[in-house]
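Enquirer: Take the sequences, apply the hints, and build the full model.
As they're listed, the protein sequences go chains A and B.
Just add 946 to wherever you are in the first sequence, counting from 1, and you've got the numbering used here.
Just add 507 to wherever you are in the second sequence, counting from 1, and you've got the numbering used here.
For the record, the hints were derived by calculation from the structure and aren't laboratory data.
Misleading hints may appear alongside valid ones.
What the hints assert, rightly or not - Simulated restraints, written as ranges between beta carbons of each label pair:
(1) H566/B / V955/A: 22 to 30 Å
(2) M947/A / N543/B: 45 to 53 Å
(3) H616/B / P1112/A: 51 to 59 Å
(4) G544/B / A1072/A: 28 to 36 Å
(5) F1059/A / K689/B: 37 to 45 Å
(6) R623/B / D953/A: 27 to 35 Å
Stated by the list, open to error - With a Cα cut of at most 27 Å, we get these calculated DSSO-like pairs of lysine-lysine:
(7) K689/B / K706/B
(8) K948/A / K636/B
(9) K733/B / K706/B
(10) K636/B / K949/A
Don't be surprised by glycine CBs; every beta carbon is placed ideally from N, CA and C.
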Amino acid sequence: MKKLLIDGVPGHGWLMLAVTTALLLAAPLFVNDYLITVLILIFYFAYAGQAWNIMMGFAGQLSLGHALYVGLGAYAAAGLYVHFGVGPWIGMGAAIIISGVVAVILGYLAFRFGVGGVYFAILTIAFAEFARIGFDHIKFLGASSGLFLPVKQYVSNDLWSLRGKPVMFYYLMLVLMLVALGICRMLLRSRLGYYWRAIREDEQAAQSLGIDVFRCKMYAVVISAAMTSVAGVFFAFYYNNLFPEQVFHISRSIEIILGPIIGGIGTLVGPIVGAFVLTIFSEGMTELLEVFKLTSPGAKQVFYGIALLVVILLMPHGIWPPIARALGLAEKSGEGKPTDEKP
Amino acid sequence: MLQIANLDVFYGDAQALDAVSLEVAEGVIVAIVGANGAGKTSLIRTIAGMNRPRAGTIHFRGQDIAGWPSFKVCDLGIGQVAEGRQVFPTLSVAENLEMGAMLPRARAHRERNRDRVLSLFPILAERSKQAAGTLSGGEQQMLAIARCLMGEPQLVMFDEPSLGLAPAIVQDVLRTIVQLNKEGLTCILVEQNVAVSLKIASHAYVLENGRIVMSGTGGELLGNDKVREAYLGM
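Expert: So this is what it looks like as structure tokens:
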């Protein structure tokens, strides 16, 4: 485990990680409440983006329906809490299991019957849309009028029930983002990670070398889904309300994948960098447009879209790879050796 | 070593292989020749476990492996060098070779096997850190063969190894196959380059529209008028 997690990171890489973490740990002492909520959003996207990146970036399986797992995780934990008083940490277990089972079904349907490429992506959209419409009719979970978690004024933070001030969520999401980074590094450097790379590069060739392609793709889908559902649990307990129309909507899925795309698909740090850049940019754009009195509806989306277009044209592999090269942090090709360790 | 009997393979309703039977003895080169679309690649993919046969048996060392998943077939020691080379383009040459040794059986000996394939293909040692996609066509074919050998196969199926290569390189590739065969590797060679493959094969089958229409030693088929007319343009 140490070999996969720790080895191979240069000294200045650790230094940068330590400085960034220290700054983020100290940030709540200096910044205002608004910035705290922006940073929570960034950590959320960084975490969910990393989870999505396992499937697409590592194993090459495009999911356009990750809102499905966010929603399932959110509804599983919130439903248990509202109706049975079960705390979110136990609810998280339920969220992981439910999302995992749904991912197994989706993966089995797709991979057993040879659904690949864009058709696989369409299947992921179909599952998310199916959930969106289906949850509209589950009365027990509030149907289309929403499921609400009880909210009151908190004097102290209740970590066990996840009831508390934003700053509690700030630290939780920060930890979650960093843990995901560790998990992703171990996965990518493990034997499974090498199988995924082979499948991403050329599935037929991977198969002809004796890699159990079906099983490896299933692992990618299930691990990614399970991790994403954890983000859903925090989504539910942070926002305190859930509407199928909102949580399962395809725009949720798109939001998740923009970070890794802009940051660098398949890289470890890319999804995190992408989440920072996009969220800060999006929030900054709102402020800027207000200054220039450009508040007509849709104006922000237009400028946001143009900006994304420019980034993709200028840096087709994302923002992180050129930065990583400049900092000497890029994983060097040619020196990679599959290890015998299991994640 | 390998006995195939009455193999039927379908893609939907279209029949790709019709009652194909053939035999590969240990230590030989068997050529399978035929026109485009005759079913050569389907046959290889079916043996490799990438297509499921509808009927028939494939016995490898006495075990019926028809319908087995490809990773299990590989683990038995049946390797393939697929058509169009299929190296992992963004991975380095060294990483491509490592990918060939992913089977638990082969992983233990990967250092030894790497030394062996690098002495067989010295150019790959020079290119070790280069991305495989930047190699020339011939070098990629060498890499595909070397990567396959990293998995310690006993039987290797070569699907059109000369496709898209310059004539001089084709000679190199075929010489390599003969060399490997001399060292004890059993080979199935699928080629459109009929004349050359019949020359190096000890036994050959002619596949037409999914059926075996003729078989014999390489020399017999080379002398056969029908073969000469249909495949050699004589």
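Enquirer: Decide, hint by hint, whether the structure agrees.
Expert: Evaluated hints:
Between H566/B and V955/A the beta carbons are some 51 Å apart, a value that contradicts the proposed interval 22 to 30 Å. One distance hint, 45 to 53 Å for the beta-carbon pair M947/A and N543/B, holds here, with the actual separation near 51 Å. One distance hint, 51 to 59 Å for the beta-carbon pair H616/B and P1112/A, holds here, with the actual separation near 56 Å. At roughly 35 Å, the beta-carbon separation of G544/B and A1072/A lies within the given 28 to 36 Å, and the hint holds.
A beta carbon spacing of about 44 Å between F1059/A and K689/B agrees with the range 37 to 45 Å that was offered as a hint. Distance hint check: the CB atoms of R623/B and D953/A are about 28 Å apart, consistent with the given range 27 to 35 Å. With a C-alpha separation of about 15 Å, the suggested pair K689/B and K706/B falls inside the 27 Å cut-off, and the hint holds. Restraint check for K948/A and K636/B: the C-alpha separation of about 26 Å stays at or below 27 Å, so the hint holds.
Our distance criterion of 27 Å between C-alpha atoms is met by K733/B and K706/B, whose separation comes to about 17 Å. Between K636/B and K949/A the alpha-carbon distance is near 22 Å, which keeps this suggested pair within the 27 Å criterion.
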